[in-house]
Amino acid sequence: MNQILYLWPFVRLGLSDVWRHKTRSFLTMLGMVFGVGSVIAMLAVGEGASQQALDSIKRLGSQNIMVMSVKPTTEDGGNTGSQRGSLAVYGLLYEDEERIKETVPGVTLTVPARMTRRNARLGERQLEMRVVETNPDWFEVVQRPVLAGRVLGEHDLRMRANVCVLTEHGVRRLLAAEEMIGQRIRIASGVFEVIGIVKNETGGTVRAPDSEADAYIPITTGTQLFGEANIRYSAGGMEGEKVELSQIIVKMADTEAVEPGSKAIEAVLARFHKKRDFRIDVPLTLLREAERTKRTYNIVLGAIAGISLLVGGIGIMNIMLASVTERTKEIGIRRAIGARRSRIVVQFLINTCVLSIGGGIVGLLLGVSIPLLITAFTAMPTVVQPYSLVLAFGISVGIGIVFGLYPALRAASLDPIEALRHE
Amino acid sequence: MIVCGTEMPRPRSDEVVRLDDVMRHYLVGDEVVRALDGVSFSMRKGSYWAIMGPSGSGKSTMLNILGCLDRPSSGAYWLNGENVAEMDDNQLSDHRLKNLGFIFQSFHLIPQLTVGENIEVPLLYLGLPHAERRYKAEALAERVGMSHRLRHLPSELSGGQRQRVAVARALANDPAVLLADEPTGNLDSATSVQIMGLFQELYEQGKTVILVTHEPDIAKYAKANIVLKDGRILSLHGEGV
Numbered sequence: 000m001n002q003i004l005y006l007w008p009f010v011r012l013g014l015s016d017v018w019r020h021k022t023r024s025f026l027t028m029l030g031m032v033f034g035v036g037s038v039i040a041m042l043a044v045g046e047g048a049s050q051q052a053l054d055s056i057k058r059l060g061s062q063n064i065m066v067m068s069v070k071p072t073t074e075d076g077g078n079t080g081s082q083r084g085s086l087a088v089y090g091l092l093y094e095d096e097e098r099i100k101e102t103v104p105g106v107t108l109t110v111p112a113r114m115t116r117r118n119a120r121l122g123e124r125q126l127e128m129r130v131v132e133t134n135p136d137w138f139e140v141v142q143r144p145v146l147a148g149r150v151l152g153e154h155d156l157r158m159r160a161n162v163c164v165l166t167e168h169g170v171r172r173l174l175a176a177e178e179m180i181g182q183r184i185r186i187a188s189g190v191f192e193v194i195g196i197v198k199n200e201t202g203g204t205v206r207a208p209d210s211e212a213d214a215y216i217p218i219t220t221g222t223q224l225f226g227e228a229n230i231r232y233s234a235g236g237m238e239g240e241k242v243e244l245s246q247i248i249v250k251m252a253d254t255e256a257v258e259p260g261s262k263a264i265e266a267v268l269a270r271f272h273k274k275r276d277f278r279i280d281v282p283l284t285l286l287r288e289a290e291r292t293k294r295t296y297n298i299v300l301g302a303i304a305g306i307s308l309l310v311g312g313i314g315i316m317n318i319m320l321a322s323v324t325e326r327t328k329e330i331g332i333r334r335a336i337g338a339r340r341s342r343i344v345v346q347f348l349i350n351t352c353v354l355s356i357g358g359g360i361v362g363l364l365l366g367v368s369i370p371l372l373i374t375a376f377t378a379m380p381t382v383v384q385p386y387s388l389v390l391a392f393g394i395s396v397g398i399g400i401v402f403g404l405y406p407a408l409r410a411a412s413l414d415p416i417e418a419l420r421h422e
Numbered sequence: 000m001i002v003c004g005t006e007m008p009r010p011r012s013d014e015v016v017r018l019d020d021v022m023r024h025y026l027v028g029d030e031v032v033r034a035l036d037g038v039s040f041s042m043r044k045g046s047y048w049a050i051m052g053p054s055g056s057g058k059s060t061m062l063n064i065l066g067c068l069d070r071p072s073s074g075a076y077w078l079n080g081e082n083v084a085e086m087d088d089n090q091l092s093d094h095r096l097k098n099l100g101f102i103f104q105s106f107h108l109i110p111q112l113t114v115g116e117n118i119e120v121p122l123l124y125l126g127l128p129h130a131e132r133r134y135k136a137e138a139l140a141e142r143v144g145m146s147h148r149l150r151h152l153p154s155e156l157s158g159g160q161r162q163r164v165a166v167a168r169a170l171a172n173d174p175a176v177l178l179a180d181e182p183t184g185n186l187d188s189a190t191s192v193q194i195m196g197l198f199q200e201l202y203e204q205g206k207t208v209i210l211v212t213h214e215p216d217i218a219k220y221a222k223a224n225i226v227l228k229d230g231r232i233l234s235l236h237g238e239g240v
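Protein chains in written order, with numbering that gives the first Met the number 0: chain A, 0 to 422; chain B, 0 to 240.
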């Protein structure tokens with residue numbers, strides 16, 4: 000306590016020194032302000048982005064493996080055999096689903112899905128929707144809150160019922176304010192009764208299985224109505240593709256089984272698919288990748304912030320060296336009165352820290368308000384973590400000490416006789 | 000004087016200052032400058048001295064050594080019973096803090112600090128708590144007749160007032176010796192008389208005062224004087240020897 004009281008007059012001296020050279024101190028502090036501000040702001044933005052990414056990956060389910068059909072590239076032999084006329088045939092088959100279920104250990108559930116884009120109409124309103132033909136298990140694997148009605152059931156599948164479940168997003172655009180459940184809408188050539196509405200997942204950098212205006216219909220109904228070929232008519236004629244299943248979601252017993260499971264699926268599929276017309280996404284792997292990316296991101300941000308802090312620190316050191324020269328006489332007086340060298344060092348270190356902490360506090364305010372502004376204007380999530388505030392303070396003190404040490408030592412090493420004579 | 004082995008003659012208890020064959024040599028280029036060349040004297044507690052001599056006589060060097068800002072190249076300097084010649088930088092600093100009060104020709108107050116804060120500087124380094132520092136500073140300002148200017152900055156004071164503040168600061172640590180370097184060099188004659196009156200008071204209160212000056216008018220206030228020439232004592236007389 001006594002030590003703190005001993006230091007206080009020097010803190011006041013430092014503050015009055017900063018105040019006396021307002022412009023100079025302000026310009027010097029700017030380096031710290033931007034340095035500390037950018038550290039906090041960048042950490043907040045980075046953390047926000049990565050949490051968002053991690054959230055959306057987690058929502059995909061860390062026990063799931065997504066197997067997707069992809070159109071093989073032409074170099075990959077896309078033109079040979081599989082193309083009949085202009086109909087491209089590729090992708091996953093029901094057989095694949097069976098094989099995965101039979102041969103891969105640890106599989107608890109497989110959900111087939113076929114996704115196409117089709118026009119949905121209600122009266123004069125029209126909307127292109129993603130039609131997901133699937134079975135009730137989809138809602139088991141991709142869990143979403145049901146806002147109204149119910150989801151698809153085994154009964155609908157068996158009966159090939161003309162029913163659909165819409166996502167909230169689609170509902171809002173297509174049905175507007177009208178009574179939703181029980182409404183009949185036309186999707187391509189079929190008429191479907193809306194039996195339920197599920198919540199959309201918002202935003203996200205990773206494609207969630209239901210990220211847009213989706214209509215879920217029983218896969219059996221889809222096969223009957225639309226078949227498996229998706230044909231588009233364009234100026235050059237017609238082009239189409241035949242994909243039996245666009246996606247198979249495989250749910251594993253636990254997260255431990257996910258990585259070996261994905262390898263096993265890869266092996267099974269590779270044996271039966273000559274071309275590389277499928278892709279395996281493992282949310283767990285994506286999660287790990289995202290975490291790795293986050294770490295890299297943090298290192299890059301840290302380096303940028305570090306450089307700006309370094310520049311700020313050098314600015315402070317420069318000013319302190321000038322201050323030592325200006326105050327040579329004062330140093331001489333204090334030494335003559337009986338101040339040890341170490342007390343001169345402490346005095347100048349405090350002076351530097353007043354500058355750096357002052358800059359740090361302003362930078363902290365800046366660093367906290369920038370993420371708020373970013374979130375307010377761009378709806379980008381930002382997370383200011385409490386530790387970053389502690390970090391900013393620590394950095395300010397650290398910079399003050401590191402860059403103040405040399406000027407302070409220089410001040411203390413002055414010969415008192417010479418210093419007193421200095422004009 | 001011959002110093003043999005560990006049998007260094009210690010000063011008597013009433014000798015506050017004692018120099019035994021003090022030499023201070025500088026190397027300027029290849030040439031050795033003998034700024035002090037074998038000086039010995041002693042000063043009794045409560046005496047009033049003037050150290051005189053023309054420029055180049057070794058007066059400044061003598062001041063630096065007496066003020067513990069510099070150490071003799073050889074010989075012994077006893078201040079308040081301790082040999083300064085054997086001290087390191089920290090010990091010298093502590094010794095100045097405890098035993099010396101400096102008064103300079105150009106006052107040397109710290110311009111950013113108020114009168115009160117300037118007087119508090121030695122007390123701060125002595126580690127006194129805030130309330131005690133303030134109380135003592137007020138008492139010292141009172142003693143030199145400056146208590147009405149405690150919150151003023153040195154730049155707001157006249158030369159004589161500044162020197163009074165400097166005297167108050169020099170007294171703050173209750174030093175064994177007050178060391179004044181041309182204390183009236185920057186003052187007009189009327190103010191000089193007032194400041195010299197202040198020194199006279201301090202002497203009468205029992206302080207040991209050493210004036211370093213080249214002005215005979217000032218030196219005559221002292222009760223004893225030393226005249227230096229070419230680094231040696233030319234004459235030494237007066238009471239308190």
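Possibly wrong hints are sitting among the right ones.
Computed cross-link-like contacts, SDA-like style, restricted to lysine to any residue with a CA-CA straight-line distance of at most 20 Å [as the list claims (entries may be wrong)]:
1) K97(B) with S341(A)
2) K97(B) with E243(A)
3) K97(B) with R342(A)
4) K21(A) with P110(B)
5) K328(A) with S105(B)
6) K328(A) with I109(B)
7) K328(A) with K70(A)
8) K44(B) with R9(B)
9) K328(A) with K44(B)
10) K328(A) with R9(B)
11) K328(A) with S154(B)
12) K70(A) with S341(A)
13) K328(A) with G184(B)
14) K328(A) with L112(B)
15) K241(A) with D36(B)
16) K21(A) with K97(B)
I should point out that these hints are in silico values taken from the structure, not numbers from a laboratory.
Hints, one by one, checked against the model:
{"no.": "1", "hint": "K97(B) with S341(A)", "in the structure": "holds (17 Å)"}
{"no.": "2", "hint": "K97(B) with E243(A)", "in the structure": "violated (97 Å)"}
{"no.": "3", "hint": "K97(B) with R342(A)", "in the structure": "holds (16 Å)"}
{"no.": "4", "hint": "K21(A) with P110(B)", "in the structure": "holds (17 Å)"}
{"no.": "5", "hint": "K328(A) with S105(B)", "in the structure": "holds (11 Å)"}
{"no.": "6", "hint": "K328(A) with I109(B)", "in the structure": "holds (9 Å)"}
{"no.": "7", "hint": "K328(A) with K70(A)", "in the structure": "violated (80 Å)"}
{"no.": "8", "hint": "K44(B) with R9(B)", "in the structure": "holds (15 Å)"}
{"no.": "9", "hint": "K328(A) with K44(B)", "in the structure": "violated (31 Å)"}
{"no.": "10", "hint": "K328(A) with R9(B)", "in the structure": "violated (36 Å)"}
{"no.": "11", "hint": "K328(A) with S154(B)", "in the structure": "holds (16 Å)"}
{"no.": "12", "hint": "K70(A) with S341(A)", "in the structure": "violated (74 Å)"}
{"no.": "13", "hint": "K328(A) with G184(B)", "in the structure": "holds (19 Å)"}
{"no.": "14", "hint": "K328(A) with L112(B)", "in the structure": "holds (14 Å)"}
{"no.": "15", "hint": "K241(A) with D36(B)", "in the structure": "violated (111 Å)"}
{"no.": "16", "hint": "K21(A) with K97(B)", "in the structure": "violated (37 Å)"}
Of the hints listed earlier, those the structure fails to meet are numbers 2, 7, 9, 10, 12, 15 and 16, in rising order.
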